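Number of protein chains: 2
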Amino acid sequence: MSRTSSTYPRKVNIFEVGPRDGLQNEATLLSVEDKVTFIQELILAGLKNIEVGSFVSPKWVPQMANSVAVCQALPKTTDVTFSGLTPNLRGLEEALAAGVDEIAIFGAASERFSQTNINCSVAESLLRFQPVVALAQQHNIPVRGYVSTVLGCPYQGDVPIKDVLNVVKALHDMGCYQISLGDTIGVGTPLATQKLLDKILELVPIENVAVHFHNTYGQALANILIALQMGITTIDTATAGLGGCPYAKGASGNIATEDVVYMCHGMGIDTGIDLAKLVTAGKNISQKLQKQPHSLVSLAL
Amino acid sequence: MSRTSSTYPRKVNIFEVGPRDGLQNEATLLSVEDKVTFIQELILAGLKNIEVGSFVSPKWVPQMANSVAVCQALPKTTDVTFSGLTPNLRGLEEALAAGVDEIAIFGAASERFSQTNINCSVAESLLRFQPVVALAQQHNIPVRGYVSTVLGCPYQGDVPIKDVLNVVKALHDMGCYQISLGDTIGVGTPLATQKLLDKILELVPIENVAVHFHNTYGQALANILIALQMGITTIDTATAGLGGCPYAKGASGNIATEDVVYMCHGMGIDTGIDLAKLVTAGKNISQKLQKQPHSLVSLAL
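So the sequences go chain by chain: A and B.
For the first sequence, position 113 (counting from the first letter as 1) is numbered 113 according to UniProt numbering, and the numbering increases by one without interruption.
For the second sequence, position 7 (counting from the first letter as 1) is numbered 7 according to UniProt numbering, and the numbering increases by one without interruption.
The set of hints was computed from the structure by calculation and includes no laboratory data.
Because the structure is a prediction, the values reported are computed rather than measured.
It is possible that part of the hints are untrue.
One copy or two, either will do: identical chains are not told apart, so a pair holds if it fits within one copy or between any two.
[Claimed, not checked] Below, in silico cross-link-like pairs of lysine to any residue (SDA-like), each with a Cα-Cα straight-line distance of 20 Å or less:
#1 LYS199 - MET267
#2 LYS11 - LEU191
#3 LYS288 - GLY272
#4 LYS199 - ASN166
#5 LYS249 - ALA276
#6 LYS277 - GLN292
#7 LYS249 - ASN13
#8 LYS169 - VAL133
#9 LYS249 - LEU301
#10 LYS48 - GLU202
#11 LYS195 - MET267
#12 LYS195 - SER6
#13 LYS162 - LEU203
#14 LYS249 - SER286
#15 LYS195 - GLY266
#16 LYS48 - LYS76
#17 LYS195 - HIS265
#18 LYS249 - THR280
#19 LYS195 - TYR8
#20 LYS199 - SER6
#21 LYS249 - GLN292
#22 LYS195 - ARG10
Start from the sequences and build out the full structure, keeping to the hints where you can.
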């Protein structure tokens, strides 16, 4: 008889954000060819959801300046969904022209994070998303909604759960098919994750919720375990743990896809991913960035 | 209403193994003075159980050759327990003369690990421990029992749970006040941890069980979370994640004390440890080893 009552999903969906959220925090600029090679290796490893770029001003995110060219050079495949981040209508139009399969919008739960990073209130940012979502829907393009700073903010510290819930509900009501809850600075711990998810799941169906943990304080895998125990089945990860943390120099970025896949497979949870091929993809992109993979599985294998 | 039924201990005991299990896998030999400074900083940070050395042949573990001198130079304090690893009677006699407060013996669950590392069967190794435990008990010295390779072996791969149970029971029956379950090569994942602990706790009272996870594959904190959910309250850790893995070059060693303490404090679990002072201790010892701390918390702070 087990002393814990946890059950786990039989299958999870890994949402790979390495080519976007990961690379955008890497200083070494990569060519279109390098990015496409990376994405092709991720496809070979079995990833089915890949965020491939961001349609923002190259002035703000130089690494993403070639996102249109990357999208246009991607293999035409029907069983992989390529996603692009589009903060506004201009970005969406670029993304549509580049042929992305879905788009993502990015809201913050923290008022000060929103004010500091995009110079507007959370409420104003949500208003700006409405025409983006409406136009995407006209084109039958699914929209994913990110909510950042759900477990802490680099500027204001604690973020009240009600502020997270407000943004989650707004994005869900707006028509986002999935809400990805981001611990942007990786400060969250398992009990906070559990308490937050308890509240979120009263508001939004579980199949519409994803988790996105950064591993800045080493907590991501423990937090993901909690999410799995609660029945969440979509996990955002970045191969090789790409990306640092702009708020903590030298710190880790996204949790490594390799480490999450290792845990899932060890628990009999299907991911559809070939770990050896994934490790190779992570080592190759890390080599191009002239750094070691931020994946302990990769270092151990 | 929570969707998970987990409760967590209000207080955990961190058993610091950095000066022994950590350092013994570090190539840079440290002086008595360096080690004593490190241990004093750990005491200042609030650690109450510290494994300070190993009483083995210096031929096998050169880093531990100065363990007697380290023990003799430690501050005389009654509220910190200094522990030493003693594989045999000669080691125990040295440890007693050096003035340790408790000793530890080290058995393997894996038959091939035992044969390869100490040239005897598991059963023979257990027989050898009996006079060690008996003499320690004559001196009123508590004995801690390690069981290594509980979730996998570098030589034989899988280790049957019944083999783990056999060794756990033998050490418990022999009089070890606590059994520390070691995932020596860090291959275990949360569900395997849960299944193992389920069985162990049918055999041994929970207060006599500790967990000892290496972070080779990044799984340690998730596994520790499971242990906490099951009510385990003693966790072995090494400040700065000292020690590599002799079976995987470049891989991580023990889970960092800092990362466990961060998680516990974030969950409202008392450890009695001052995280800032602990991070300083970890940074100082890492500097002496001319490496970066293997603690993400340390890198982020």
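Right, here's what the structure says about each hint:
1. LYS199 - MET267: For LYS199 and MET267, the Cα distance is within 20 Å only across copies (17 Å; inside one copy 26 Å).
2. LYS11 - LEU191: The answer is between: 15 Å across copies meets 20 Å, while 24 Å in one copy does not.
3. LYS288 - GLY272: neither (26 Å within a copy, 44 Å between copies)
4. LYS199 - ASN166: Result: close within a single copy only, 11 Å intra versus 44 Å inter.
5. LYS249 - ALA276: between (30 Å within a copy, 17 Å between copies)
6. LYS277 - GLN292: So LYS277 and GLN292 pass the 20 Å test inside one copy only (17 Å; across, 29 Å).
7. LYS249 - ASN13: neither (30 Å within a copy, 31 Å between copies)
8. LYS169 - VAL133: within (15 Å within a copy, 61 Å between copies)
9. LYS249 - LEU301: between (27 Å within a copy, 9 Å between copies)
10. LYS48 - GLU202: Answer is neither: 28 Å inside a copy and 42 Å across each miss the 20 Å cutoff.
11. LYS195 - MET267: between (24 Å within a copy, 11 Å between copies)
12. LYS195 - SER6: Result: close both inside a copy and across copies, 16 Å intra and 11 Å inter.
13. LYS162 - LEU203: within (11 Å within a copy, 45 Å between copies)
14. LYS249 - SER286: both (18 Å within a copy, 18 Å between copies)
15. LYS195 - GLY266: So LYS195 and GLY266 pass the 20 Å test across copies only (12 Å; inside, 26 Å).
16. LYS48 - LYS76: So LYS48 and LYS76 pass the 20 Å test inside one copy only (13 Å; across, 60 Å).
17. LYS195 - HIS265: This pair counts as between: shortest inter-copy Cα distance 16 Å, intra-copy 26 Å.
18. LYS249 - THR280: This pair counts as between: shortest inter-copy Cα distance 17 Å, intra-copy 27 Å.
19. LYS195 - TYR8: Answer is both: 18 Å inside a copy and 14 Å across each meet the 20 Å cutoff.
20. LYS199 - SER6: Cα proximity of LYS199 and SER6: in one copy and across copies (19 Å, 16 Å).
21. LYS249 - GLN292: Cα proximity of LYS249 and GLN292: in one copy and across copies (16 Å, 14 Å).
22. LYS195 - ARG10: between (23 Å within a copy, 17 Å between copies)
Consistency with the previously given hints fails for numbers 3, 7, 10, ordered from lowest to highest.
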